[in-house]
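Residue numbers (the working numbering), protein chains in the order written: chain A, 1 to 209; chain B, 210 to 748.
Any given hint could be a false lead.
[What the hints assert, rightly or not] Distance condition first, Cα-Cα at most 25 Å in a straight line; then the derived DSS-like pairs of lysine-lysine:
#1 B:K440 with B:K406
#2 B:K710 with B:K681
#3 B:K727 with A:K63
#4 A:K63 with B:K681
#5 B:K581 with B:K427
#6 B:K303 with B:K352
#7 B:K297 with B:K347
#8 B:K611 with B:K303
#9 B:K688 with A:K63
Don't read these hints as lab results, they were simulated from the structure.
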Amino acid sequence: MLDLTQGQFVKHVVMHPFEGFEDLRWKKAGSIKIALGIVCLLFIQALAYNRMYGFQYYTDYDKLFNIIPYIFQSFGLFLLYVVCNWAMCTLFDGEGSMKNIFIVTAYSLIPYICGYLIGTVLSHVLIRDEYIFIQAFEVIGTAWTVVLFISAMKAVHQFSFGKTLALIALTLVAMIAVIFLLVLLLTLFQQVLIFIFTLYTEISYRLRV
Amino acid sequence: MSGKGHVLKRLFCTASAAAVMISACAVNAATASAAESYDPYSYDQWGDAVSSQAGYTASEFIDGQKIKGLYEHVEAMNGFDYDEEEWKNLLNMKEPADMFISGDDLLYIADKANNRILVTDLEFNLVNYLDTFYYNGKTLKLKNPEGVFVDKYTGYIYICDSEGGGELNDEGEIVNNAIGRVIKCDTRGTVDRLFEKPVTELYDQNLTYNPRKVAVDKAGNVYIVVRSVTKGAVMFDIAGEFIGFYGANRVEATSEIIMNAFWNAISTEAQRQRMTKTTPVGFTNFDLDDDGFIYTVTESSDVKTDVVKKLNPRGSNILSSALGDDTFFGDIPPAYYSIYTKTSALTDIDIGPNGEMNILDFAHGRVFQYDKMANLMFVLGGDGDQLGTFRSVSAIESYDNKIFVLDSRKNGITVFERTAFGEIVTEATNLYNAGYYEESFQPWQTVIKFDGNYRRAYVGVGNALLSAEQYKEAMEYFKISQSRRRYNKAFEGYRDQILQKWFTPAIILIIVIVVATKVIGSLNKKGIITFPWQRKGGV
Numbered sequence: 001m002l003d004l005t006q007g008q009f010v011k012h013v014v015m016h017p018f019e020g021f022e023d024l025r026w027k028k029a030g031s032i033k034i035a036l037g038i039v040c041l042l043f044i045q046a047l048a049y050n051r052m053y054g055f056q057y058y059t060d061y062d063k064l065f066n067i068i069p070y071i072f073q074s075f076g077l078f079l080l081y082v083v084c085n086w087a088m089c090t091l092f093d094g095e096g097s098m099k100n101i102f103i104v105t106a107y108s109l110i111p112y113i114c115g116y117l118i119g120t121v122l123s124h125v126l127i128r129d130e131y132i133f134i135q136a137f138e139v140i141g142t143a144w145t146v147v148l149f150i151s152a153m154k155a156v157h158q159f160s161f162g163k164t165l166a167l168i169a170l171t172l173v174a175m176i177a178v179i180f181l182l183v184l185l186l187t188l189f190q191q192v193l194i195f196i197f198t199l200y201t202e203i204s205y206r207l208r209v
Numbered sequence: 210m211s212g213k214g215h216v217l218k219r220l221f222c223t224a225s226a227a228a229v230m231i232s233a234c235a236v237n238a239a240t241a242s243a244a245e246s247y248d249p250y251s252y253d254q255w256g257d258a259v260s261s262q263a264g265y266t267a268s269e270f271i272d273g274q275k276i277k278g279l280y281e282h283v284e285a286m287n288g289f290d291y292d293e294e295e296w297k298n299l300l301n302m303k304e305p306a307d308m309f310i311s312g313d314d315l316l317y318i319a320d321k322a323n324n325r326i327l328v329t330d331l332e333f334n335l336v337n338y339l340d341t342f343y344y345n346g347k348t349l350k351l352k353n354p355e356g357v358f359v360d361k362y363t364g365y366i367y368i369c370d371s372e373g374g375g376e377l378n379d380e381g382e383i384v385n386n387a388i389g390r391v392i393k394c395d396t397r398g399t400v401d402r403l404f405e406k407p408v409t410e411l412y413d414q415n416l417t418y419n420p421r422k423v424a425v426d427k428a429g430n431v432y433i434v435v436r437s438v439t440k441g442a443v444m445f446d447i448a449g450e451f452i453g454f455y456g457a458n459r460v461e462a463t464s465e466i467i468m469n470a471f472w473n474a475i476s477t478e479a480q481r482q483r484m485t486k487t488t489p490v491g492f493t494n495f496d497l498d499d500d501g502f503i504y505t506v507t508e509s510s511d512v513k514t515d516v517v518k519k520l521n522p523r524g525s526n527i528l529s530s531a532l533g534d535d536t537f538f539g540d541i542p543p544a545y546y547s548i549y550t551k552t553s554a555l556t557d558i559d560i561g562p563n564g565e566m567n568i569l570d571f572a573h574g575r576v577f578q579y580d581k582m583a584n585l586m587f588v589l590g591g592d593g594d595q596l597g598t599f600r601s602v603s604a605i606e607s608y609d610n611k612i613f614v615l616d617s618r619k620n621g622i623t624v625f626e627r628t629a630f631g632e633i634v635t636e637a638t639n640l641y642n643a644g645y646y647e648e649s650f651q652p653w654q655t656v657i658k659f660d661g662n663y664r665r666a667y668v669g670v671g672n673a674l675l676s677a678e679q680y681k682e683a684m685e686y687f688k689i690s691q692s693r694r695r696y697n698k699a700f701e702g703y704r705d706q707i708l709q710k711w712f713t714p715a716i717i718l719i720i721v722i723v724v725a726t727k728v729i730g731s732l733n734k735k736g737i738i739t740f741p742w743q744r745k746g747g748v
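Looking at chain A on its own, in the form it has when it is part of the complex (with noise of 0.2 Å):
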């Protein structure tokens, strides 16, 4: 039974939130290929969101575009949940490898991904006062994609619900240190180059008297 292909996987474990994940782990399916491209399209959403809005809707300073924070947003933030999840289930003796972490949750935000897809298209066609139903497509998306999260979790590592929570809870701690690391890595290489500028212009001043 479940002789399902790679794509048809894909479909099995968004639409059946609780076993899903489980199946796909007995049987040793999901693939990287479709996982950095569900990513991909995790990022195209975060631009569309703000970028191809409908116009009565969103309220973006547009005058100046920076790729750089959707990259974060998108690539970014995906990848430092997973080595900071997988730092953490060593910890916990969760079962699941990288690899796994990687295609769980990059399956688990598919409906997230669809939600606000649809949302953006139907910006163009609704008016504000029918902000409801994009609000609805958009809301149904997140929940959807939060209860697919717990579960992949659940299954990768092979825990208990309440375990699950902890270890996203401390996936998330994790991540803010890793990111406050990142940002006092980058300032001290600042500082490092400043002063090496420093020594460089004061060393060519001297030369040039």
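Following the hints, complete the assembly by docking chain B onto the known chain A.
For chain B alone, kept in the frame of chain A given last:
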């Protein structure tokens, strides 16, 4: 100030001034507005400054020497032995503090440091010179008059004698008891009534009483802005009785205030006594419009609420109830073309003939002209010494298509005249605000030709198109003007049009497709038709 000689002279002056003005206009028309000594700008929807066309151009600067008849009048004054220095001062204005254009088109200038009121006509011929007042057989003098107002219904002049000039004794010396007062007098200086510090429990007797500005409404109530009073304007009725305070500002809800409210709720009475009290910032200046509404401005640069108010007779702000609390007046920091970030300090307001608000910003030396719906029309002026820029502005008045700005350090009045661009914008704005959207279409189009950055023009054209039910075009203009609320309205109309046009064909098409698939499917099942992909090789 009478006699045939003067009349002739005045006639001649008027004629020559008119001639000069006509030639100046001709020059202006030729050079357009490139000659401004400051960079005209405006704000886009994001609050970013964008360069703009000048709506007004500075045409002349009037100091004391240019007031025709002042020299002769001062020379002819006798009875006071002025020394050389004082006499020179009298030929000029010195720290003029306020200005008012009366109902009979005379310009009243409160010449503060010279302790007098100068009255000229709008061609700057001296008409009246008020420095001595007669009250119950006493002769009164002014000391630092800071405000002047003329009641257009009764013609009485109200003067804020801020420091209280006192009276002359028998030897001709000034006995000064330094009690501020407002003098109500006629054109000859005969005092009708003095408005002095009200002796009542409502007015804290420890507070000083230095009247800064005065205004009188239709009913004859007198409103006086007093420097140390933050509860609003001190209000007297027509009989000179103190009534109360009018139109106090609200306290801005900063985090500190909210914390105070929290502590107030949980602290005891004794603790509350020792806490600092929060008082609103008193407003600085006001003006009346033609309908008798009072507009106030607040100069303090650290408040954002109630900076500009339009008060109804009850004293509540109807501008904020019409437009919301977040309407911004003055420069949006950081100011454009400036290396300093300063906050506007709005020091005077004047309501123009079409209800436009001219607001004077002391911090930047600029005039901000808003229409009656508080949309920014023009920004003029700036810091500097050239014609059209200022050093320390103190008062603003407008008459027809002119704006007069009084500068207390340049000691004179700068006259601005509306440019061709300004005329079109004003015409379009008036039509638009009166609800004639379609009639305002043409003027707004012209405005766009003059100045592609003028956001309101796109809104105007968009609204004209919207009321003409040309939704698609309206959407484009609203998109340019970043006006999402109106775009939403236009989009709704556009969507309705599309639906009306395509709804029936779309439904028919869908039904046809559904039926066709069903029919073809069943035919396929029965084997009557086969699709190419169902044919096996060789069959």
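Hint-by-hint comparison with the structure:
no. : hint               : in the structure
1   : B:K440 with B:K406 : holds, 15 Å
2   : B:K710 with B:K681 : holds, 14 Å
3   : B:K727 with A:K63  : violated, 52 Å
4   : A:K63 with B:K681  : holds, 24 Å
5   : B:K581 with B:K427 : holds, 21 Å
6   : B:K303 with B:K352 : holds, 13 Å
7   : B:K297 with B:K347 : violated, 28 Å
8   : B:K611 with B:K303 : holds, 23 Å
9   : B:K688 with A:K63  : holds, 14 Å
Violated hints, listed in ascending order, are 3, 7; each of the other numbered hints is respected by the structure.
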